[in-house]
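A.B. asks: One letter stands for each residue in the lines below.
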Amino acid sequence: MSPAEWQIVALSLRVTLIAVAMTLPVAYGLAWVLARNRFPGRFLLDALVHLPLVLPPVVTGYVLLLTFGRNGPIGAFLEQTLGISLVFHWTGAALAAAVMALPLMVRAMRLSIEAVDRKLVDAARTLGAGRLRAFFTVTLPLSLPGILAGGVLGFARAIGEFGATITFAANIPGETRTLPLAIYTKLQLPGGEIAVARLAIIAVILSLGALILSEWLVRRSAGKDAHVL
Amino acid sequence: MSPAEWQIVALSLRVTLIAVAMTLPVAYGLAWVLARNRFPGRFLLDALVHLPLVLPPVVTGYVLLLTFGRNGPIGAFLEQTLGISLVFHWTGAALAAAVMALPLMVRAMRLSIEAVDRKLVDAARTLGAGRLRAFFTVTLPLSLPGILAGGVLGFARAIGEFGATITFAANIPGETRTLPLAIYTKLQLPGGEIAVARLAIIAVILSLGALILSEWLVRRSAGKDAHVL
Amino acid sequence: ASQPRGPIVFAASSLQKPLEELASLWVEKGNDPLVLSFASSATLARQIDNGSLSDLYISADEQWIEYLVTAGRLDDSAVRVVATNSLVLAIYGEEGALLASQNVPTTRKFVTTGKITTGDPETVPLGRFAEQWLQSAGLWDAAKPHLVPAQSSGAAVKLVLIREADGGILYASDAASIKRLVAIRAIPPESHSPIVYQAVLLPSSAHPDAGDFLEFLASDEARQAFARYGFGVP
Amino acid sequence: MSFNLQVNQRLGDCTIDAAIQSDDRLIAITGPSGVGKTSLLNCIAGLATPAAGHIIIDGRTLFDSTSELNLPPDARGCGYVFQDNRLFPHKKVLANLIYGLTRKAESAALMSFDDTVKLLGIGHLLDRWPVALSGGEARRVAIGRALLSVPSFLLLDEPLASLDASRGEQLLCAIERIRDELNLPIIYVSHDRSEIDRLATTVLAMD
Amino acid sequence: MSFNLQVNQRLGDCTIDAAIQSDDRLIAITGPSGVGKTSLLNCIAGLATPAAGHIIIDGRTLFDSTSELNLPPDARGCGYVFQDNRLFPHKKVLANLIYGLTRKAESAALMSFDDTVKLLGIGHLLDRWPVALSGGEARRVAIGRALLSVPSFLLLDEPLASLDASRGEQLLCAIERIRDELNLPIIYVSHDRSEIDRLATTVLAMD
Ligand SMILES: Nc1ncnc2c1ncn2[C@@H]1O[C@H](COP(=O)(O)OP(=O)(O)OP(=O)(O)O)[C@@H](O)[C@H]1O
Ligand SMILES: Nc1ncnc2c1ncn2[C@@H]1O[C@H](COP(=O)(O)OP(=O)(O)OP(=O)(O)O)[C@@H](O)[C@H]1O
Ligand code: MOO
Ligand SMILES: [Mg+2]
Ligand SMILES: [Mg+2]
Chain H
86 MSPAEWQIVA LSLRVTLIAV AMTLPVAYGL AWVLARNRFP GRFLLDALVH LPLVLPPVVT
146 GYVLLLTFGR NGPIGAFLEQ TLGISLVFHW TGAALAAAVM ALPLMVRAMR LSIEAVDRKL
206 VDAARTLGAG RLRAFFTVTL PLSLPGILAG GVLGFARAIG EFGATITFAA NIPGETRTLP
266 LAIYTKLQLP GGEIAVARLA IIAVILSLGA LILSEWLVRR SAGKDAHVL
Chain A
86 MSPAEWQIVA LSLRVTLIAV AMTLPVAYGL AWVLARNRFP GRFLLDALVH LPLVLPPVVT
146 GYVLLLTFGR NGPIGAFLEQ TLGISLVFHW TGAALAAAVM ALPLMVRAMR LSIEAVDRKL
206 VDAARTLGAG RLRAFFTVTL PLSLPGILAG GVLGFARAIG EFGATITFAA NIPGETRTLP
266 LAIYTKLQLP GGEIAVARLA IIAVILSLGA LILSEWLVRR SAGKDAHVL
Chain L
179 ASQPRGPIVF AASSLQKPLE ELASLWVEKG NDPLVLSFAS SATLARQIDN GSLSDLYISA
239 DEQWIEYLVT AGRLDDSAVR VVATNSLVLA IYGEEGALLA SQNVPTTRKF VTTGKITTGD
299 PETVPLGRFA EQWLQSAGLW DAAKPHLVPA QSSGAAVKLV LIREADGGIL YASDAASIKR
359 LVAIRAIPPE SHSPIVYQAV LLPSSAHPDA GDFLEFLASD EARQAFARYG FGVP
Chain W
163 MSFNLQVNQR LGDCTIDAAI QSDDRLIAIT GPSGVGKTSL LNCIAGLATP AAGHIIIDGR
223 TLFDSTSELN LPPDARGCGY VFQDNRLFPH KKVLANLIYG LTRKAESAAL MSFDDTVKLL
283 GIGHLLDRWP VALSGGEARR VAIGRALLSV PSFLLLDEPL ASLDASRGEQ LLCAIERIRD
343 ELNLPIIYVS HDRSEIDRLA TTVLAMD
Chain S
163 MSFNLQVNQR LGDCTIDAAI QSDDRLIAIT GPSGVGKTSL LNCIAGLATP AAGHIIIDGR
223 TLFDSTSELN LPPDARGCGY VFQDNRLFPH KKVLANLIYG LTRKAESAAL MSFDDTVKLL
283 GIGHLLDRWP VALSGGEARR VAIGRALLSV PSFLLLDEPL ASLDASRGEQ LLCAIERIRD
343 ELNLPIIYVS HDRSEIDRLA TTVLAMD
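Going down the list, the sequences are from chains H, A, L, W and S.
My numbering numbers the first residue of the first sequence as 86 and each following residue consecutively.
My numbering numbers the first residue of the second sequence as 86 and each following residue consecutively.
My numbering numbers the first residue of the third sequence as 179 and each following residue consecutively.
My numbering numbers the first residue of the fourth sequence as 163 and each following residue consecutively.
My numbering numbers the first residue of the fifth sequence as 163 and each following residue consecutively.
Hints in this document: simulated from the structure, not taken from any laboratory.
For every residue, glycine included, the Cβ atom is placed at its ideal position computed from N, Cα and C.
Please note that the accuracy of each hint is not assured.
A few chain L residues that face chain A, going by a derived Cβ cut-off under 10 angstroms, partial list only [to be verified]:
1) V205
2) S219
3) R224
4) Q241
5) E244
6) L246
7) V257
8) V259
9) E300
10) A328
Listed below are several chain L residues computed to face chain H (Cβ distance under 8 angstroms; list not exhaustive) [claimed, not checked]:
11) N209
12) V213
13) L214
14) T221
15) L231
16) T248
17) G332
18) H385
With the hints as constraints, model all of the structure from the sequences given.
C.D. replies: Structure below.
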């Protein structure tokens with residue numbers, strides 16, 4: 086790989102990993118709330134989580150621009166109070182990737198949480214575990230397959246995210262030009278096919294890596310899972 | 086809604102529903118193979134299924150163009166033998182939506198299939214059910230939560246699909262201009278914000294509909310599921 | 179971020195090749211490297227409207243310049259035309275192949291046979307110019323069923339190159355700079371609005387070199403670069 | 163000969179080495195917890211494959227490691243009451259009971275549906291989901307499902323566990339009837355000495 | 163008073179109406195399958211809420227519908243051996259056994275870890291996953307987990323089901339010792355007349 090390609094890969098990995106790492110707990114929290122609680126507004130929350138999946142990514146990017154942009158309500162607040170600027174920064178690319186990956190992660194996790202037998206949670210409670218300990222020692226580990234599946238889906242979605250990123254974070258080399266944006270940029274050039282193919286193969290290899298990692302993690306916990314499930 | 090908006094909605098629904106309906110059995114088959122079988126090449130298949138998630142949608146669209154286009158190997162075959170043409174047709178939009186939805190559907194279904202207790206399949210076998218009957222009477226119904234979750238994810242992804250569609254099927258009003266493409270079109274026009282908002286709201290309402298439908302289906306089978314799971 | 183860098187330039191994707199060459203020329207002159215962000219003119223304009231940090235905007239679409247002027251984001255007196263373009267009818271062909279004159283279809287036949295691609299008239303400037311020409315030539319209704327609207331001028335070129343389209347109404351710059359595209363006829367420039375690429379210094383720009391780079395874009399040296407890629411010069 | 167079994171199997175650290183030949187219609191298996199009783203039944207049902215040996219019931223060879231014969235579970239025609247019930251959670255009690263009824267009847271049904279339901283006292287449960295059953299209710303449904311599956315032999319893994327005395331007594335009578343009148347080979351796993359003494363003359367004590 | 167229970171509860175078509183007051187340290191509950199024994203234990207453990215009544219054990223009020231007191235399960239301090247074991251499938255046997263050990267000891271541990279493991283004969287299983295246990299092995303681990311959880315009273319739902327006679331005898335002795343020496347209130351559900359006669363003088367026969 087050329088140094089320029091290295092830079093793109095490094096940036097993409099940084100953006101994607103941060104996006105997935107930040108989204109994992111949020112997604113799990115949402116999945117848990119949606120799976121285990123009945124409250125007014127639950128349906129609205131469900132719909133809201135799905136939104137980035139339904140809207141064309143460009144629109145999501147535009148909404149992010151209106152909200153987190155320097156003139157947007159949250160963006161202005163972040164910039165004035167914390168000095169954090171998201172637009173046109175790699176952090177903005179991470180935000181866009183995170184938002185796009187969220188619905189996929191929530192669904193997979195929710196599916197696994199709903200499959201956890203509540204009788205086991207009950208058993209933990211009689212053994213003296215409070216709600217919190219029962220959650221961390223029973224629900225959370227038993228929904229691991231969903232966390233891993235959600236992680237893989239989220240990683241793949243985040244590393245491939247294009248529309249929201251270019252709209253919200255722009256296409257700035259070294260700052261927000263992730264793999265998909267680099268591919269797009271090359272695709273606009275006549276004769277860019279070879280560069281496109283090279284970059285696409287790199288993207289594929291990266292996510293194969295994520296896939297292998299997740300399968301390995303699943304297998305590591307297979308001693309129990311192969312039987313539990 | 087204006088007649089033009091109705092036309093867009095009708096086209097989007099047709100494209101999405103056909104895409105999801107065609108993909109469901111394929112996705113379930115792939116999910117089953119990946120969940121229950123160990124064979125050489127399994128990992129490759131897994132990677133292949135994830136591909137449309139990882140690659141930027143434009144690239145997927147471009148690959149579709151090279152494969153299913155008039156000069157592509159499959160496209161040429163389809164056109165010559167069956168007279169079917171996909172590029173620049175609504176059927177092509179459906180293909181693009183299906184390909185993009187596939188990985189999400191497979192993952193959700195696979196998660197549910199892996200959660201089906203094999204001991205129950207064993208029980209069915211001792212009761213005289215062959216592999217096929219055991220599959221259709223035990224594995225399939227018990228993985229229903231995954232089928233529904235996969236269906237919702239797939240529907241949402243398909244109705245929001247933009248990049249692969251515009252690249253493979255172009256943006257032809259009345260033929261391939263689905264909701265996301267219509268939204269994009271308006272977004273490219275100065276002052277199109279109101280039209281964008283209207284169309285985005287329609288997209289949101291449609292997927293809310295799908296969400297409600299799926300929740301209702303889940304609840305209908307809740308008598309058992311609330312306890313099974 | 180610690181390295182000194184030149185101005186941030188938001189530019190229409192169709193200008194990628196000449197601008198990348200100009201960017202290296204700029205560095206060769208001892209300046210700090212530019213930051214180039216390519217996207218569609220519309221995407222860039224919306225980003226500028228929402229407070230981008232860029233110093234310069236180079237648009238392929240007058241509409242969006244007007245939009246930003248109306249929105250009060252920029253001053254139209256600062257707008258400079260840096261290049262122009264024109265339309266051609268183009269097909270896929272071998273490099274340097276000269277078409278025997280009897281094989282060249284008439285314009286009417288060209289736009290009413292098989293699939294002809296150009297930009298989407300609603301969203302892509304290329305398509306808007308093509309529609310203007312077809313309307314003025316009285317060919318619009320006959321051609322419309324044959325048109326495949328692509329999402330960008332680059333995408334239209336791709337469709338011709340992989341022969342999913344039988345031909346295209348494309349920018350002369352693309353036809354001139356891409357080996358396997360053959361322009362078979364030029365479209366009279368007076369049949370559509372002028373195709374101009376406008377550069378403007380954004381009022382929010384704080385970079386000291388931004389003005390200099392705008393001057394450089396309008397220089398003879400820059401014009402030669404644009405011309406090398408088939409663009410017209412103002 | 164009713165039973166001609168020789169099974170050799172490793173399971174984790176536990177090795178099963180069981181052999182029995184008997185003309186009796188009912189044999190009992192007993193032995194301490196974890197000795198391999200359930201594992202032996204699984205081999206006979208075709209859910210596990212022995213490392214070596216043969217399984218011949220009523221003259222029909224179900225498994226033979228030398229001739230590499232290994233019938234799949236659905237071709238063995240066993241009625242298996244699992245130690246852990248294994249009711250189908252997505253089917254109501256009625257659907258669970260009739261699941262095996264579609265089996266092509268080589269032998270005739272042991273008892274009519276109505277008789278079975280009455281014997282087990284589960285008539286009021288037919289419209290219930292399995293999760294809404296008590297321990298003993300689920301046990302009885304599992305027994306009913308096996309009895310109704312038109313089996314050519316029965317595998318009963320502690321069938322009377324968690325049943326009260328009077329219900330247990332009724333079931334023991336029914337098992338005796340099935341053994342004597344219907345002449346069906348039965349393998350009966352139990353820890354209860356009195357049950358075994360009453361039902362079986364041939365006892366395989368594993369250890 | 164050891165036990166002062168009055169529980170009113172509807173479950174589907176079944177109504178539970180149980181009341182008992184006793185100074186005995188161990189009371190037995192018996193009754194036909196499906197009468198509501200397990201449901202009553204669930205109410206006492208705090209996993210289900212009675213429609214009305216009160217639950218007072220050893221002078222400590224766990225539930226009272228009039229004063230709307232309803233302690234959560236983890237505050238009740240019960241050692242519950244479930245009819246269906248409910249071992250944690252993602253934890254090995256050892257981790258299952260010590261899960262309840264973190265409970266703040268109001269009372270002291272009943273038995274040391276080593277004694278419990280020895281009594282139940284599960285020392286060789288500590289490194290196993292629950293799925294790799296036989297029926298009786300899983301039962302013994304479930305009993306061990308409850309005994310080790312430093313409980314202030316015990317709920318035993320057919321604890322000896324699927325255990326062989328000698329192991330059952332050992333356990334009965336242990337339960338007698340816990341009742342007499344440690345003075346722990348115990349509620350013992352069983353179908354076995356001889357077990358009940360031996361352990362309890364107060365028997366709640368539900369029907
Ligand atoms: N979720 C439920 N919905 C409706 N009815 C239920 C539910 N759970 C249990 N029941 C019914 O409540 C009654 C009491 O059940 P319970 O499990 O307490 O019985 P039990 O006395 O423990 O029986 P066994 O000796 O068979 O374990 C039974 O008739 C059972 O069918
Ligand atoms: N998946 C497994 N992996 C390893 N060992 C296993 C597995 N399943 C069962 N075993 C072991 O095999 C042995 C036999 O188990 P089996 O279930 O056949 O016992 P059993 O005689 O039926 O006992 P019980 O009376 O307790 O039901 C036990 O020691 C058990 O721990
Ligand atoms: O580069 Mo453009 O904005 O497709 O004309
Ligand atoms: Mg057993
Ligand atoms: Mg019970």
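A.B. asks: Each hint should be assessed against the structure and marked as holding or not.
C.D. replies: Status of the hints after comparison with the structure:
1. V205: Status violated, d = 29 angstroms.
2. S219: Where the cut-off is 10 angstroms and the nearest Cβ of chain A is about 9 angstroms from L:S219, the hint holds.
3. R224: Nearest chain A Cβ about 8 angstroms off; hint holds.
4. Q241: Since the shortest Cβ distance to chain A is 6 angstroms, the answer is holds.
5. E244: 7 angstroms, holds
6. L246: 9 angstroms, holds
7. V257: Violated, because the Cβ-Cβ distance from L:V257 to chain A comes to roughly 16 angstroms (cut-off 10 angstroms).
8. V259: 20 angstroms, violated
9. E300: Cβ of L:E300 sits 5 angstroms from chain A, so the hint holds.
10. A328: 6 angstroms, holds
11. N209: 16 angstroms, violated
12. V213: 6 angstroms, holds
13. L214: 7 angstroms, holds
14. T221: 6 angstroms, holds
15. L231: Holds: closest Cβ of chain H sits about 5 angstroms from L:L231, inside 8 angstroms.
16. T248: With a minimum Cβ separation of about 17 angstroms from chain H (threshold 8 angstroms), the hint on L:T248 is violated.
17. G332: OK, holds: L:G332 within 8 angstroms of chain H, min 4 angstroms.
18. H385: Constraint on L:H385 not satisfied, violated at 14 angstroms.
When held up to the earlier numbered hints, the structure conflicts with 1, 7, 8, 11, 16 and 18 and fits the remainder.
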